[in-house]
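Peer 1: Below are the chains, spelled out letter by letter.
2 protein chains.
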Amino acid sequence: MEKIGKYTFLAEPFHCDFSGRLFMGHLGNHLLNAADFHSSDRGFGMKYLMTIQRSWVLSRLAIEMDEMPMQYTKFNVETWVESAMRFFTSRNFAVVGEDGHQYGFGRSIWAMIDTESRQPTDIFSIDNGAINNWIVNDKECPIDKGGRVKMSDEAELVHTIDTYYNDVDINGHINSVKYIEHVLDLWPLDWYREHQVKRFEIAYVAEAHAGDQLSFYREQTDEQAYCVRIVRTDGTECCRSKVVFK
Amino acid sequence: MEKIGKYTFLAEPFHCDFSGRLFMGHLGNHLLNAADFHSSDRGFGMKYLMTIQRSWVLSRLAIEMDEMPMQYTKFNVETWVESAMRFFTSRNFAVVGEDGHQYGFGRSIWAMIDTESRQPTDIFSIDNGAINNWIVNDKECPIDKGGRVKMSDEAELVHTIDTYYNDVDINGHINSVKYIEHVLDLWPLDWYREHQVKRFEIAYVAEAHAGDQLSFYREQTDEQAYCVRIVRTDGTECCRSKVVFK
Chain A
14 MEKIGKYTFL
24 AEPFHCDFSG
34 RLFMGHLGNH
44 LLNAADFHSS
54 DRGFGMKYLM
64 TIQRSWVLSR
74 LAIEMDEMPM
84 QYTKFNVETW
94 VESAMRFFTS
104 RNFAVVGEDG
114 HQYGFGRSIW
124 AMIDTESRQP
134 TDIFSIDNGA
144 INNWIVNDKE
154 CPIDKGGRVK
164 MSDEAELVHT
174 IDTYYNDVDI
184 NGHINSVKYI
194 EHVLDLWPLD
204 WYREHQVKRF
214 EIAYVAEAHA
224 GDQLSFYREQ
234 TDEQAYCVRI
244 VRTDGTECCR
254 SKVVFK
Chain B
14 MEKIGKYTFL
24 AEPFHCDFSG
34 RLFMGHLGNH
44 LLNAADFHSS
54 DRGFGMKYLM
64 TIQRSWVLSR
74 LAIEMDEMPM
84 QYTKFNVETW
94 VESAMRFFTS
104 RNFAVVGEDG
114 HQYGFGRSIW
124 AMIDTESRQP
134 TDIFSIDNGA
144 INNWIVNDKE
154 CPIDKGGRVK
164 MSDEAELVHT
174 IDTYYNDVDI
184 NGHINSVKYI
194 EHVLDLWPLD
204 WYREHQVKRF
214 EIAYVAEAHA
224 GDQLSFYREQ
234 TDEQAYCVRI
244 VRTDGTECCR
254 SKVVFK
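From first to last, the protein sequence lines are chains A and B. Just so you know, the first sequence maps onto residues 14 to 259 in the numbering used here. Just so you know, the second sequence maps onto residues 14 to 259 in the numbering used here.
Be aware that a few hints might be false.
[Said to hold, decoys possible] Taking lysine-lysine and the DSS-like style, the derived pairs with C-alpha atoms no more than 27 angstroms apart in a straight line are:
1. A:K163 to A:K16
2. B:K16 to A:K19
3. A:K87 to B:K259
4. B:K211 to A:K16
5. B:K87 to B:K163
6. A:K87 to B:K16
7. B:K87 to A:K60
8. B:K87 to A:K87
9. A:K87 to B:K60
Please keep in mind that the hints were generated in silico from the structure rather than gathered at the bench.
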């Protein structure tokens, strides 16, 4: 089996914004699905991990796009494991048109937890470190790795939302993909007539639960760059995100 | 080509609720995609209609499910045209497991409009009434056709939401699928621990636009049945929905 997985998706009409381009939240979902298909096909996917009380937990996701696929476009998501350490693995993505056109790239960092204790567990304990057989270190992912999103205390509370049934995933937590939508909803529709998302970064810090209120603090850190801190009802920071527009 | 189209979907993990079952909104999206694939394969799909300034407009959608597919389940959506009249066509759906297991059914009514004038146009004008070649009148769709959702003036205002970037579709209208999510978000998560959606009906009456506020009026009409009226900022009714729980 190839080390790099390749999965085809369609920019479905109801997944596209007013300009006919795929929403970032749905692209994020496709990347996470590609990750899951790739790992499942190679023996360390979520479905298998559930049977041994383990789960992948997404820690960081960064997506940088030259262009978003237009509605009805088929595109491929290529994904591969760039590196694996005991507690973290990094997985990259390339979003490529059927004609080879490069739309953009993604980077993600994952931990593995014990679903009973919720504690990090050793990734190499799965099938005698089998993940090492899948590492690809010669495929380029030409986007910035990102890092801790730095924010000052100047960030302004710009929005607060309640969370509902459709925000909650199978673990009872606020759905990783919904955060992307909520962050991008901080800008009005008219903003998107003039700007497109160049890069979207999110780091998941602590889980929020059904019924939590989420408060969004935003700070402009560069001409086209904004950082967002999401805080749940009890004051704990859940996520940090950085959005760079073009 | 077969009159009945059959398309395979996967109950993706981020499209499933806390109980591991596919969200109704995502199922609705799959049905609408199946409709689009079926009509495109047969020469009267959205993508072709766009080139001649026509568009299908969804008028009603009813989905009745014995059970929702669980996460990671592959299932087929079968769809066929039940009847066509000058200004309306009815299209049905069956949601069937790969092993033949019947999950449930759907019914939809569509109009065709001129995208310039926004006026209804004659469906039979497309390719000399070609849609008539695709009518299937011997496949059963054993769910109630539904009809006008009857509500009294007793309906109570239970929720008001602002609409954002992610709510808006390529036509600049509030996305048909998002309404389904917003209606089902009227019940708290705990409600869904005890109840499942047996039947979901929605009739699209008038379009709401980006930035409209949507007010939800709800009335219980039977032991397990609720009707919901969605009203946009200017007081115009946009949708009516009926939800039957089990």
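Peer 1: All the hints need checking, so say for each whether the structure fits it.
Peer 2: Taking the hints in turn, this is what the structure says about them:
1. A:K163 to A:K16: violated, 34 angstroms
2. B:K16 to A:K19: violated, 32 angstroms
3. A:K87 to B:K259: Violated, at about 38 angstroms.
4. B:K211 to A:K16: Measuring from Cα to Cα gives roughly 43 angstroms; hence the hint is violated.
5. B:K87 to B:K163: With a Cα-Cα distance of about 36 angstroms, the restraint between K87 of chain B and K163 of chain B is violated, given a limit of 27 angstroms.
6. A:K87 to B:K16: holds, 25 angstroms
7. B:K87 to A:K60: holds, 14 angstroms
8. B:K87 to A:K87: Roughly 20 angstroms between the alpha carbons, so the hint for K87 of chain B and K87 of chain A holds.
9. A:K87 to B:K60: This hinted pair holds, its Cα atoms lying about 14 angstroms apart.
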